[in-house]
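So the chains spell out like this:
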Amino acid sequence: METTLNTILTYLSYGFIQRAFIIGILTALLSSILSVYFVLKRLSLIGDGLAHTAYGGIAIGLAVGGLFPSLAGNAYVIGGAIVVAGSILITKAIRSAKFSGDAAVAIFMTLGLATGVFVTSVTLQYGFDLDALLFGSILLVTWNQIYSAALILVVTVVLITVFYKELLYTVFEEVQARAAGIVTWKFDYLLSILAGLAVVVAIPIVGVLLISALLVLPALASIQITQSFKQTILLSPVLGSASVILGLFFSIIEPNAAPGGTIVLSGLAILLLAIVAKKIKGSA
Amino acid sequence: MSSSLKEPIVELNDVGVKYLGAVQALEHITLKITKGDFVGLVGPNGAGKSTLLSVILGVVKPSTGYVRLFGEPISSKNLRKIGFVPQTPYSKETNFPMTVNETVLMGRVPYSLKWPWFTSLDHRKVEDALKRLGIEELRNRKIGELSGGQTHRVFTAKALAGDPEVLIFDEPTSGVDTEATKEFYTVLEKLNQELGITTILSTHDLGVVTQLAKTIICINRTLYFDDLTTRFDASTILSEAYDYPIDLIKHGDHP
Numbered sequence: 342m343e344t345t346l347n348t349i350l351t352y353l354s355y356g357f358i359q360r361a362f363i364i365g366i367l368t369a370l371l372s373s374i375l376s377v378y379f380v381l382k383r384l385s386l387i388g389d390g391l392a393h394t395a396y397g398g399i400a401i402g403l404a405v406g407g408l409f410p411s412l413a414g415n416a417y418v419i420g421g422a423i424v425v426a427g428s429i430l431i432t433k434a435i436r437s438a439k440f441s442g443d444a445a446v447a448i449f450m451t452l453g454l455a456t457g458v459f460v461t462s463v464t465l466q467y468g469f470d471l472d473a474l475l476f477g478s479i480l481l482v483t484w485n486q487i488y489s490a491a492l493i494l495v496v497t498v499v500l501i502t503v504f505y506k507e508l509l510y511t512v513f514e515e516v517q518a519r520a521a522g523i524v525t526w527k528f529d530y531l532l533s534i535l536a537g538l539a540v541v542v543a544i545p546i547v548g549v550l551l552i553s554a555l556l557v558l559p560a561l562a563s564i565q566i567t568q569s570f571k572q573t574i575l576l577s578p579v580l581g582s583a584s585v586i587l588g589l590f591f592s593i594i595e596p597n598a599a600p601g602g603t604i605v606l607s608g609l610a611i612l613l614l615a616i617v618a619k620k621i622k623g624s625a
Numbered sequence: 002m003s004s005s006l007k008e009p010i011v012e013l014n015d016v017g018v019k020y021l022g023a024v025q026a027l028e029h030i031t032l033k034i035t036k037g038d039f040v041g042l043v044g045p046n047g048a049g050k051s052t053l054l055s056v057i058l059g060v061v062k063p064s065t066g067y068v069r070l071f072g073e074p075i076s077s078k079n080l081r082k083i084g085f086v087p088q089t090p091y092s093k094e095t096n097f098p099m100t101v102n103e104t105v106l107m108g109r110v111p112y113s114l115k116w117p118w119f120t121s122l123d124h125r126k127v128e129d130a131l132k133r134l135g136i137e138e139l140r141n142r143k144i145g146e147l148s149g150g151q152t153h154r155v156f157t158a159k160a161l162a163g164d165p166e167v168l169i170f171d172e173p174t175s176g177v178d179t180e181a182t183k184e185f186y187t188v189l190e191k192l193n194q195e196l197g198i199t200t201i202l203s204t205h206d207l208g209v210v211t212q213l214a215k216t217i218i219c220i221n222r223t224l225y226f227d228d229l230t231t232r233f234d235a236s237t238i239l240s241e242a243y244d245y246p247i248d249l250i251k252h253g254d255h256p
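If you read the sequences in order, they're chains A and B.
The C-terminal position of the first sequence is numbered 625 in the numbering used here, with every residue numbered one higher than the one before it.
The C-terminal position of the second sequence is numbered 256 in the numbering used here, with every residue numbered one higher than the one before it.
Worth flagging that the hints you see were computed from the coordinates, not collected in a lab.
It is possible that some hints are incorrect.
Only part of the chain B face toward chain A is listed, based on derived beta-carbon distances under 8 Å [as the list claims (entries may be wrong)]:
#1 LEU58
#2 LEU80
#3 VAL110
#4 SER113
Subject to a maximum C-alpha distance of 25 Å in a straight line, what follows is the list of computed DSS-like cross-link-like pairs (lysine-lysine) [unchecked claim]:
#5 B:LYS183 - B:LYS132
#6 A:LYS527 - B:LYS215
#7 B:LYS191 - B:LYS7
#8 A:LYS571 - A:LYS622
#9 A:LYS571 - B:LYS115
#10 A:LYS439 - B:LYS62
#11 A:LYS619 - B:LYS7
#12 A:LYS527 - A:LYS433
#13 B:LYS93 - A:LYS439
#14 A:LYS622 - B:LYS33
#15 A:LYS571 - B:LYS93
#16 B:LYS33 - B:LYS78
#17 B:LYS93 - A:LYS620
#18 B:LYS36 - B:LYS93
#19 B:LYS36 - B:LYS62
#20 B:LYS78 - A:LYS527
#21 A:LYS571 - B:LYS36
#22 A:LYS571 - A:LYS619
#23 A:LYS527 - B:LYS115
#24 A:LYS439 - B:LYS19
#25 B:LYS7 - B:LYS36
#26 A:LYS382 - A:LYS527
#27 B:LYS115 - B:LYS93
#28 B:LYS115 - B:LYS82
#29 B:LYS215 - B:LYS33
#30 B:LYS78 - B:LYS62
#31 B:LYS191 - B:LYS132
#32 B:LYS82 - B:LYS7
#33 B:LYS215 - B:LYS36
#34 B:LYS93 - A:LYS382
#35 A:LYS571 - A:LYS527
#36 B:LYS7 - B:LYS33
#37 A:LYS382 - A:LYS433
#38 B:LYS33 - B:LYS82
Given the structure is predicted, the values throughout are model-derived calculations rather than measurements.
Where a beta carbon is used, it is the ideal one built from N, C-alpha and C, also for glycine.
Please take these sequences and the hints and turn them into a complete structure.
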């Protein structure tokens, strides 16, 4: 026990571990706030769709950087722009009523993945780190990534606070919201753009494959035990942060365990606890 | 229609609605609903009752004719004065985490879009609406935990919180037990009588309509009856509208 504690304390004194905790918590706060809206909009898989779009986008960004050295280092910026464009197009496809939400997400998921596979397969010589993209590389996070995540989090919190009523009503009952004078399509696009940015921020933490977890599990766990929307939007970031902190601790204790996996498994454990708590409360 | 001396709140003039350019949902509907009236809207399934309500609410645009609300063309400003309680007020699929209080507060949104928060006036209106509907004790309950009858009361309170001059109900008691239905209609009658709220109630429950409504509108694509309930010869009009011989039996008449 003492050895474990010593190990944790030793690791916590390292700068790269501190940065991992900071970006982990920032990402958890950002994605778990947004997760509430997407779970309630029945668009839980949007994170997957956007992450795969990001995979394609970042692959294009790296390839562009390889071909034009002056653009090297901007892969995440190019990827981010492509993800935001993808998130707008997913929302456009859903709102057109030509596709259901899951079909629109599926189209972009496969398009992003196929583009990524194609581009990486023909540009492998440019030093593409596929593992980092798929599974995350939280221990390699830089301060610049932390500042970007913090900025996007602040913007998200401000927008969600200012448009609290509009976003809640749009997600709750869009037709009634429209009748109440809310221009609902604007808020649909706002949410999807924020989700796109959250995905770009979250890729270094858990990677493309597990990103959906951060955009689903905290909200799902909160909804099990809360009564009101206010409680849900406040509890979700707490549970999201808890899963990141627990996950990082587990990966310190067991250095072979990839943080992306332990973070998501912690999130699942929290969801399980919430379901049990709901059952106990229901039978009491 | 009722008394032509009273102020017309809703006017439809030769309204017709064609869906997808082909299906004629409504045609040649001309009627007036006056201030303070309690209107029962009846007709068989597929008669166009919900379409008629959608036309009044500005959701469906008439293919022919026009609608006026409060003497003016439909606008977001005059639509604010209409509270609507749909048949299915919200989707229950997501176990939406919202309390009764939060739901009723949504009824104040049209008045509070200027600020990110609700004002004390908004909270006071919600409080009044909860009291009127007799659901104060439910304020902190999650809406997904409520019965069908309670849900309709909550959404009526939400509509009431927006200070409506007209309340429109589309089949508000489908799936609600008899006792709760009776209590719900008593509340509607009170809102109409005490607050003078013009009420339009679309329902299949002819017993309720003939008891509560001052005016009956009977449609089946076109208008079959629009007059005082006392002049409603149910068997004749319904047989015509439903295109089937109908002989109504009053409570107590049947063996």
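Comparing the hints with the structure gives:
| no. | hint | verdict |
| --- | --- | --- |
| 1 | LEU58 | holds, 7 Å |
| 2 | LEU80 | holds, 7 Å |
| 3 | VAL110 | holds, 5 Å |
| 4 | SER113 | holds, 7 Å |
| 5 | B:LYS183 - B:LYS132 | holds, 18 Å |
| 6 | A:LYS527 - B:LYS215 | violated, 43 Å |
| 7 | B:LYS191 - B:LYS7 | holds, 20 Å |
| 8 | A:LYS571 - A:LYS622 | holds, 20 Å |
| 9 | A:LYS571 - B:LYS115 | holds, 20 Å |
| 10 | A:LYS439 - B:LYS62 | holds, 22 Å |
| 11 | A:LYS619 - B:LYS7 | violated, 55 Å |
| 12 | A:LYS527 - A:LYS433 | holds, 11 Å |
| 13 | B:LYS93 - A:LYS439 | holds, 24 Å |
| 14 | A:LYS622 - B:LYS33 | violated, 53 Å |
| 15 | A:LYS571 - B:LYS93 | holds, 19 Å |
| 16 | B:LYS33 - B:LYS78 | holds, 20 Å |
| 17 | B:LYS93 - A:LYS620 | holds, 19 Å |
| 18 | B:LYS36 - B:LYS93 | violated, 35 Å |
| 19 | B:LYS36 - B:LYS62 | holds, 23 Å |
| 20 | B:LYS78 - A:LYS527 | holds, 21 Å |
| 21 | A:LYS571 - B:LYS36 | violated, 39 Å |
| 22 | A:LYS571 - A:LYS619 | holds, 18 Å |
| 23 | A:LYS527 - B:LYS115 | holds, 16 Å |
| 24 | A:LYS439 - B:LYS19 | holds, 22 Å |
| 25 | B:LYS7 - B:LYS36 | holds, 6 Å |
| 26 | A:LYS382 - A:LYS527 | holds, 15 Å |
| 27 | B:LYS115 - B:LYS93 | violated, 30 Å |
| 28 | B:LYS115 - B:LYS82 | holds, 18 Å |
| 29 | B:LYS215 - B:LYS33 | holds, 14 Å |
| 30 | B:LYS78 - B:LYS62 | holds, 17 Å |
| 31 | B:LYS191 - B:LYS132 | holds, 13 Å |
| 32 | B:LYS82 - B:LYS7 | holds, 18 Å |
| 33 | B:LYS215 - B:LYS36 | holds, 12 Å |
| 34 | B:LYS93 - A:LYS382 | holds, 12 Å |
| 35 | A:LYS571 - A:LYS527 | holds, 22 Å |
| 36 | B:LYS7 - B:LYS33 | holds, 10 Å |
| 37 | A:LYS382 - A:LYS433 | holds, 15 Å |
| 38 | B:LYS33 - B:LYS82 | holds, 17 Å |
Hints 6, 11, 14, 18, 21 and 27, counting from the list given before, are not met by this structure.
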